[in-house]
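Undergrad: All chains, full assembly: derive it from the sequences and hints.
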Amino acid sequence: MPDEADFKCLRCGAEFKLHYVKGVIEERTCPRCGSNSVRLLKKKETAGEPGK
Amino acid sequence: MMDVGRHPNIKLLAYSEIESISGYIGNFHVRVRKKARYVDETQCTACGECAKVCPVAVPDEYQLGLSLRKAIYIPFAQAVPSAYLIDMKACLGTNPIACGKCAEKCDKKCINYDMQDEIIEFDAGVVIVATGMDVYDPTELEEYGYTRYENVITSMEFERLISAGGPSDGHFIRPSDKRRPKTVGFIQCVGSRSERRGKPYCSNICCMNTVKDTLLLKDHYPDVEAKVFYIDIRAFGKGFEDLFKRSKEAGVQYIRGIPGEIIEDPVTKNLKVMVEDTTTNRISEHELDMIVLSVGVTPRADMPEVQQLLTLSKTPDGFFMEAHPKLKPVDAPTSGVFFAGCAEAPKDVKDSVTQASAAASRAMTVLSAGKIKLEAITSVINPEICRFCTICAQACPYKAIKVEPKKKSIELIEAMCKGCGTCGAECRFGAIKMRHFTDEQTYAQIDAYLEEDPYNKIIVFACNWCSYAGADTCGGARLQYPPSARLIRTMCSGRVDEDWVLYAFRKGAPIVVVSGCHFVDCHYIDANRWTQKRVEKLWDKLEKLGIRPDRLFLEWISAAEGQRFAKTMIDIERHRQRVTKEEIEYTMKVLSEQK
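Protein chains in written order, with numbering that gives the first Met the number 0: chain W, 0 to 51; chain L, 0 to 594.
Please keep in mind that the hints were generated in silico from the structure rather than gathered at the bench.
Idealized CB from N, CA, C, for every residue including glycine.
A few of these clues could be false.
Claimed, not checked - A partial selection of chain W residues facing chain L, derived with a Cβ cut-off under 7 Å:
1. 9
2. 16
3. 26
4. 35
5. 36
6. 38
7. 40
TA: What follows is the structure, encoded as structure tokens:
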């Protein structure tokens, strides 16, 4: 889905999708434990991927 | 409005728009565009002869398009100043088609087609924001058929239809056949209290507006049958319950249930609804001549412009946020700016007048004092160290820092600074010091906390207004949280410098927590957004250095969330117990080398 990205909660380790627009800062909360220590999981670049 | 117009100490700039506001409390400079009316308002006597001869008719905005007005018009009957103006988009003018009938008819020669917008500039000590609200447009609720079915109208349109100054001169008629309706239904909470469509909040005024409308209807036309479909009637406030009772006693039926759909009879144009009355659990069908959608209140569409003009912040529902909901309910976070009316939240006339009186009083306390008390906790800039990178000016939520890189000049306007310290945390050159919250003071606190047994400590940076108060609430409620937590108070989480976090790790802290207000509660407009940005960068940095990012936590905890504070600290203590001595020593070594 557009405007969504994968995030990981540093407190409980849960991985989930949240609304994300680059450059826009939003309050993010882990849906499992409620922590705000929610980190964007950056996509690993692969050799064949276009634009890389 | 007449009183305002006549008052010797009030200058009313009608038909005008603010272009810019610069400065700060006591020293605002305002630039206003006074739009061309094309009619000299000082000479116009509102005789109306011009409108009589005007050949152009367009929908009347004041009557919500239910009637027409001329291209030369008075916006509404009680408008101040009582003078005509020309809608140039509709006017035929004199070019290319020569009309000019209004100018010919005007004996006082008030009409000037070449009139230009005028720019007015003045200084002001304080600003009161009373920009009002919009009403919800129910067109998107297709099941109600608004704009598809002629006899489905909004509560605003109903107001106009029943008003003596309205399009039907106060004769209550339904739009499809201009007959007086015999049965009228009111559907409540249209566009309010809905998470999916419309707004999630209660609009505050619609219940009592409907109660008032039903009483008006029953007063004027006792034979009209009125039915109100509602979720619950919120009749709080002086005399409101009594008014609600009067409405029921007058024969108005209140049915607890909202119709799922309106169906129009294509021949009679009558409207049918089915509704489950949740007080009796029975489904009933109603045929009505007219349905009034009791629409909710929304923030004005042009609020972002006003927000930018005065560096204001908004609550999640889109209305302007006050400095403090209980202690400063009419003050904006920006000093010298106050709120009145629905710009701050949906409210009725009485509450708007109360807030307006309070805003005027607050304004007078500032103006009559002649001087203001500054925050003791403000930033101090050392221009000799400053590299004029402008990051501090970008970070300041109050725009209190003026930097001119080309001139190599930087100035902090202390009257605007509220002391969040975000500028100091963002400055990479150490050019900004914050009074009472200096780097040295914080390092001394970290040193003291980690002097003994550092591996068993959690350093928690907590903002004064929310997280620190949340810890207090936790303690006050006798909730247990691990004794390993060591709190360092800052005015705002925005003050927590990257170097403070790294310093704590370097000194042996196994875990560091940065905590502050939830985004909507930030006491410094949006300073805590910078906190989040900084922590996100720090996670990346720690990872690059081979340090687990999950040793640094970011938590938003409000003053009321004592329980959340306790739970957060208990969870984080478990993380602390998993941090090994080897990890801590590695961190200390790596960061010492970095330094």
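Undergrad: Determine which of the earlier numbered hints do not hold for this structure and return their numbers in increasing order.
TA: 2 and 7
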